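S.K.: Taken in sequence, the protein lines are chains A and B.
Note that the first sequence covers residues 1202 to 1386 in our numbering.
Note that the second sequence covers residues 2 to 422 in our numbering.
Certain hints may be false.
Claimed, not checked - Listed below are the simulated DSS-like cross-link pairs for lysine-lysine, each with C-alpha atoms no more than 30 Å apart in a straight line: (1) A:1311 - B:294; (2) A:1363 - B:104; (3) A:1299 - A:1311; (4) A:1363 - A:1375; (5) A:1299 - A:1375; (6) A:1363 - A:1311.
Stated by the list, open to error - Some chain B residues close to chain A (C-beta under 10 Å, calculated; not the full set): (7) 50; (8) 53; (9) 165; (10) 218.
Since the hints were derived computationally from the structure, they do not count as laboratory data.
No experiment lies behind these values; they were computed from the predicted model shown.
Every residue gets a Cβ at the ideal spot worked out from N, C-alpha and C, and that includes glycine.
Letter by letter, the chains look like this.
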Amino acid sequence: MSAPAGKPAPRGLRFLWPLVAFIALVGVLGAGLQLNPREVPSPLIGQRVPSFALPTLAAPERTLGPEQLRGQVWVLNVWASWCVACQAEHPLLVEMAKTGQVTLIGLNYKDRRDLALGWLARHGNPYTATLSDTQGRVGLDFGVYGVPETYVIDSDGVIRHKHTGELTREVVQKQLLPLLRQLEG
Amino acid sequence: MSLRRVMVLIVSSLALHVAAQDPGSAKLAVADPALEARVMAIGAELRCLVCQNETVAASNAELAVDLRGQIREQLRDGRSEVDILAFMSQRYGDFVLYRPPLKTSTVLLWLGPFMLLLLGGFALVRHLQRRAAGSLEAGEGSDLPAEHATAISGGAYSARQLTLGALVLAVPALALYSVLGQPASILQPAHAAPTLADVDGMVRQMEQALRARPAGNAADAPAWDMLARAQASLQRYAQAAESYARAIELDPDDAQRLADRADLLRLINGPGGSAEAERLVQRALAIDPRHPKALALAAAQAPAATSTTGISGRVEIAPELRSRLQPGDTLYITARTPQGPRLPLAVLRLSASEEPVAFKLSDDQAMAPDHRISDHAQVVVEARISRSGDAMPKAGDLVGRTGAIANTEQGLRVLVAGVVP
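Bound-form chain A, shown alone:
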């Protein structure tokens, strides 16, 4: 330190350094606060869909697995009759099904068959087929932790997208439908 103490420029800069560091730290923490801790990135994106064979809700003696759905893009929607958010997003699914462009497969997660069938009768059934996962074992393979959850699976059987929680019109319009169009196209 040979410069005389009176020189203003370097002193001023030096004194700003901690402030810059502080603002950077606040910026990083602030950005962290904006994140949604519920949005856990799924390690299954880009992976092959877990293999399973589950009885269908409509006909329990028949089973369905991902092999039978090979060659088409499909959407797996995890739902249960005890789940309030499922009821909230359900009209959107019914609407999607009406267009006839989406193969919607339901995964009835940790539910009772009679309650699930009653629920579908009341709220409408948008699903091409619904699988009964009464023990939640297949749900575990999909990394389900908050019902409802929605997965997009491409024609090669690879998981391309996962949405945790209730679907909203915005999510459907801005994420699901464009992705489906891209995969179909």
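Based on these hints, arrange chain B on the given structure of chain A.
M.R.: For chain B alone, kept in the frame of chain A given last:
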């Protein structure tokens, strides 16, 4: 009851409901404590994704219970801890691991604190060196005493710099808070909390909505439960009991629900409850013999165990021994079988007195459940006054003993007239 308490009650009753769904783990822990310890050890490494700040071992969320079941199953199949943690992170990502692996995406997480520490230490050392150098220079180059030079060159900032610094800190802080924080809550804190009328309105709305629904739908039963809990926490017990009744109509086989209604009936009708409360508890126990609340209610309903038979009487001390009595001496009254084990059938511990001491010995004072007064027609009663309060007889203790008497003897007189040699 404060609003906060109402909310806490509603939330905690929901939490209890969740906890009640894992009656298995306690049973399993008894069945195989070593396995359960391993399950818990692995569970402590995993984050419960529903209650994100809890481990899978600590959480009672349904997902955590499921994952513990999965760990248990895989351990039984002989898989290792590493296998199981890999299984979980394949499905839920590294986020599920409380100790994420060190890889490129987590380098900053693992090494960041050490880097910050190093940087800070480096900056501190530099700063101190500069201050030392600056003060030396100033000391040499000026006529001021050394300590004044320090104050000017390195130790203190000018008033202008300080004001500027404060502004530069405060303005961005306020700006950031206005964006990230909730400035509105500073201005009107009172409006944030719902009033009792709000809660009451919400509960009534829920009730109306439920009544408007088509009858006979079993899926509505949990909603009636929730309404009942809300009504109970607002102290509208009769309505709450009614809501539980509706829920039971829809879905009659839920032990928790039956016990909840029984509990409310007891609350309304007094501890005697009603015949219906008793029936509900019996039904709940038929469905789930280990249901905690039903068991507690059943215990409360059972008539208090009355000691039917027993021996009563008083202990007197012989006049010539009264002088040996001191305050604080202990009087033991025991009943034994005339022959057989020394283990008493019943023991009473009282404070000794010159006056006669009344006593009653019955099954209530039994030391072992299968060794009771009522099981033996003939017993011997012994009274012993102990200076030390020791349960075993000692030299100098004063004793008196009856012969064999009936186990229903009333008005018995035990005279303490001997001294233990």
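S.K.: Does the structure break any of the earlier hints, and which numbers would those be?
M.R.: Of the numbered hints given earlier, the structure breaks none, since each of them holds.
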